[in-house]
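**Student:** Work the whole structure out from these sequences, hints included.
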Amino acid sequence: MALIALVLTWAFSLASAVPSALPGPPGPWRWPLSPDPQVLRGFSPPLSPWGPGHRGVDLVATPGQAVYAAAAGQVSFAGYVAGHGVVVLTHGVLRTTYLPVIPSVRTGRHLPVSARLGTVQDLPGHCGPLHCLHWGLRHDLRYLDPLSLLRPGVRLLPYWSSQRRLQGVALHRAGSGRLR
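The sequence shown runs -17 to -1, 1 to 163 under mature numbering (1 follows the signal peptide of the UniProt record, and there is no 0).
Mixed in with the good hints there might be a few duds.
Simulated restraints on C-beta separations [stated by the list, open to error]: (1) Arg24 - Arg125: 33 to 43 Å; (2) Tyr63 - Arg99: 14 to 24 Å; (3) Gly10 - Gly91: 20 to 30 Å.
Honestly, the hints are just simulated from the structure, not real lab data. Where is the CB? At the ideal position from N, CA and C, for every residue including glycine.
**Tutor:** Printed below as a string of structure tokens:
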């Protein structure tokens, strides 16, 4: 019996230590606010499951602003937790959370991308004196950066015959701040 417990513990720790490849997220994905918002605070994953961190992103918002489904999914929760409105959508193996939101949807409902979930609740505090929408993403028990779901816009780069110039563009895009 002790051997089985040891093997299961080892297998579980190995599975949680090795990052699993996620299947491609169902798409398309979009910002949950319109127009595309500014990110007030980025994602900062915890080092341990219960450790400190920021398990999502805070988007600049105004009270009463409409909140939209970032992708098609099923409402798995719409209600209030400790006075904060919360909407949770399930998208296959992924789950997104939106708060504080005054929900206008019901649990169990299937929604298309861009469906209105509710409006930003007037609850200052989480983002200091500003109002924000907290947008989170999880795969099972693992928190992920929801901004990773958004595809960057297409950028056309000039074609140069000189390999050196192409390397310069790559260096500049990598954040070197200058071209060679």
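**Student:** With reference to the structure, classify each hint as holding or not holding.
**Tutor:** Evaluation of the provided hints:
no.	hint	in the structure
1	Arg24 - Arg125: 33 to 43 Å	20 Å, violated
2	Tyr63 - Arg99: 14 to 24 Å	18 Å, holds
3	Gly10 - Gly91: 20 to 30 Å	23 Å, holds
Hint compliance for this structure: hint 1 alone is broken.
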